[in-house]
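Undergrad: Okay, here's what each chain looks like letter by letter:
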Amino acid sequence: MYESQVRPALVEGQKDYHQVTEDLVRPIEAAPTRAWWIGFLVSVACLIFGIYSVAMQVIYGVGQWNLHRTIGWGWDITNFVWWVGIGHAGTLISAILLLFRQGWRTGVNRAAEAMTIFAVMCAGQFPVWHMGRVWLAFFIMPYPNSRGPVWPNFNSPLLWDVFAISTYFTVSVLFWYTGLIPDLATVRDRAKLKWRKFFYGVVSFGWSGSAKHWQRHEALALVLAGLSTPLVLSVHTIVSFDFATSVIPGWHTTIFPPYFVAGAIFSGFAMVQTLLLVSRKVLNLQEYITLEHIEVMNKVIVLTGSIVGIAYLTELFVAWYSMNKFENWAFFQSRVNVFSPYGWAYYLMMSCNVLSPQIFWFRKMRRNITVTFFMSIIVNIGMWFERFVIIVLSIYRDYVPSSWATYYRPSIWEVGFYIGTFGLFFTCYFLFSKFAPVIAIAEIKHILKRSGQVFKDKMGHEEQETAEEFAGEYLHHGH
Amino acid sequence: MSVKKFVVGIFTDEQVLFPAIKKVRSAGYKIYDVFTPMPIHGLDHGDDDGPWRYRVDLQQ
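Note that the protein sequences, when read in sequence, are chains A and B. End of the first sequence = 480 in this note's numbering, gap-free, step of one. End of the second sequence = 463 in this note's numbering, gap-free, step of one.
Quick caveat, the hints were computed from the structure, so don't treat them as lab data. Misleading hints may appear alongside valid ones.
Label-pair restraints from in silico Cβ distances [said to hold, decoys possible]:
hint, chain 1, residue 1, chain 2, residue 2, range
1, A, 216, B, 408, 24 to 34 Å
2, B, 413, A, 8, 28 to 38 Å
3, A, 168, B, 416, 37 to 47 Å
4, B, 416, A, 471, 27 to 37 Å
5, A, 285, B, 411, 46 to 56 Å
6, B, 409, A, 206, 21 to 31 Å
7, A, 9, B, 408, 31 to 41 Å
8, B, 433, A, 23, 27 to 37 Å
Here are the simulated DSSO-like cross-link-like pairs (lysine-lysine), alpha carbons at most 27 Å apart as the crow flies [unchecked claim]:
hint, chain 1, residue 1, chain 2, residue 2
9, A, 450, B, 426
10, A, 365, A, 457
11, B, 408, A, 457
Keep in mind that this is a model prediction, so the values were computed, not measured. Where a beta carbon is used, it is the ideal one built from N, C-alpha and C, also for glycine.
With the rest of the complex left out, here is chain A (with noise of 0.2 Å):
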């Protein structure tokens, strides 16, 4: 069978199915260890901390939170535009590099889909908690009611969130659960302990690699990687429409749409960087997550940085060009104005966006880890930044002086609910690394033949041929 050596090997060392197994069954097999304990129990805590900063607000009201006019939205929606733009990434890895049969996927989907899970979990609480009246938030339900009976405003893209997101939710979990489930039948195959075998048996549905039911689980990956493309674009697109179908110079602007997807694949390649080059080094799967996949990721991460770099240049153009004084303020005084309140932000946000990222243009900056590990801390802090430049820097020098906000900072239950939300991140992702095979172990045993090292190794000798040797021996000998 003739495999291209151009192309590197997704599964490095001496593999053979069995030892993949081993490989990536071992961690969930063995006993936790003290850097996982560690590592749950703080995450634990951050949430505990998140849980009593939601409680004293719910209890006391919002006015625990610093929000005042003008800004109505702080760090609250900042957070939730952040979390759910993070979880954009393991959807387009999963379903969208699916469609283009992209195998280097399998190393790193399984990861990253349950990664969007427990982000858009964490993007989930912030809208929920931000209503001041919680135990009412069930009239965003659009049901007949006895209120009148009252609809939920159906023109309004805070509504539209509601179901984009749930949506996305849901179809995210489909998607990643169902890939689980012949993995999760490998663990229960090989599970000696009773509760093992028990459980995992139970979240298996019995399993049993039936060639049958392959054909049927690939033909329902297809259609939720079908179902899921469409939503990598557009639930990040109604978010956008949260502030670009206002009135607010600074959001008002249909750049938006594709400024927050391309960004939103930005931060999340970023944190899918950062949680898996410490997962395999802590799981020791460096020949499942290989140096290729670390850089076809960062080649990723610099187009979209320089997409939505692109795009801050845009809005400034666009700025001065329209001759909107009020678009001009927002982007001229209240942004480049290095001496303004927030200026610092923006530039913090500049540096950390569009110019850090330009660095992976270096073959040997994409193939290095620490690098890579630095910079994809930077980019999901500049991208925190984003949602914030662009959400208080509109808002808090509104038209007229009169109305000009004093200086927001946090209070600590608004800080303590985003460590929270932390907290519920971590705490979901140290379970998962310990139940459930962080690789899709079958996805692997697939290309395994065709992208495995060992196998390469034994390819034959095409490739030391020229090329009119290789035609001339194709059309004489038929092989």
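Model the placement of chain B on the given structure of chain A, informed by the hints.
TA: Chain B in isolation, oriented as in the chain A frame:
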């Protein structure tokens, strides 16, 4: 109730399945199922008897 007899084949590499399925079918066996740890493409493509579809042979 008739007695059903099954022959079970165990393999360590999936490449052996392709010629094996052909031989087993031409020897007259009905293939009940094939269990694999990952999806294998091309198992059901036609030999001379036409395409073989995955289905359960319900026998009483």
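Undergrad: If a hint holds in the structure, say so; if it does not, say that too.
TA: Hints and how they fare:
1. A:216 <-> B:408: 24 to 34 Å: holds (26 Å)
2. B:413 <-> A:8: 28 to 38 Å: About 33 Å separates the Cβ atoms of residue 413 of chain B and residue 8 of chain A, which means 28 to 38 Å holds.
3. A:168 <-> B:416: 37 to 47 Å: 42 Å Cβ-Cβ, so the 37 to 47 Å window holds.
4. B:416 <-> A:471: 27 to 37 Å: holds (28 Å)
5. A:285 <-> B:411: 46 to 56 Å: violated (36 Å)
6. B:409 <-> A:206: 21 to 31 Å: holds (24 Å)
7. A:9 <-> B:408: 31 to 41 Å: At roughly 49 Å between Cβ atoms, residue 408 of chain B and residue 9 of chain A fall outside 31 to 41 Å, so the hint is violated.
8. B:433 <-> A:23: 27 to 37 Å: holds (35 Å)
9. A:450 <-> B:426: Status holds; Cα separation ~24 Å.
10. A:365 <-> A:457: OK: residue 365 of chain A and residue 457 of chain A at ~24 Å, within 27 Å.
11. B:408 <-> A:457: Violated. Residue 408 of chain B to residue 457 of chain A sits at ~42 Å, over the 27 Å cutoff.
In the structure shown, a violation is registered for the earlier hints numbered 5, 7 and 11, in ascending order.
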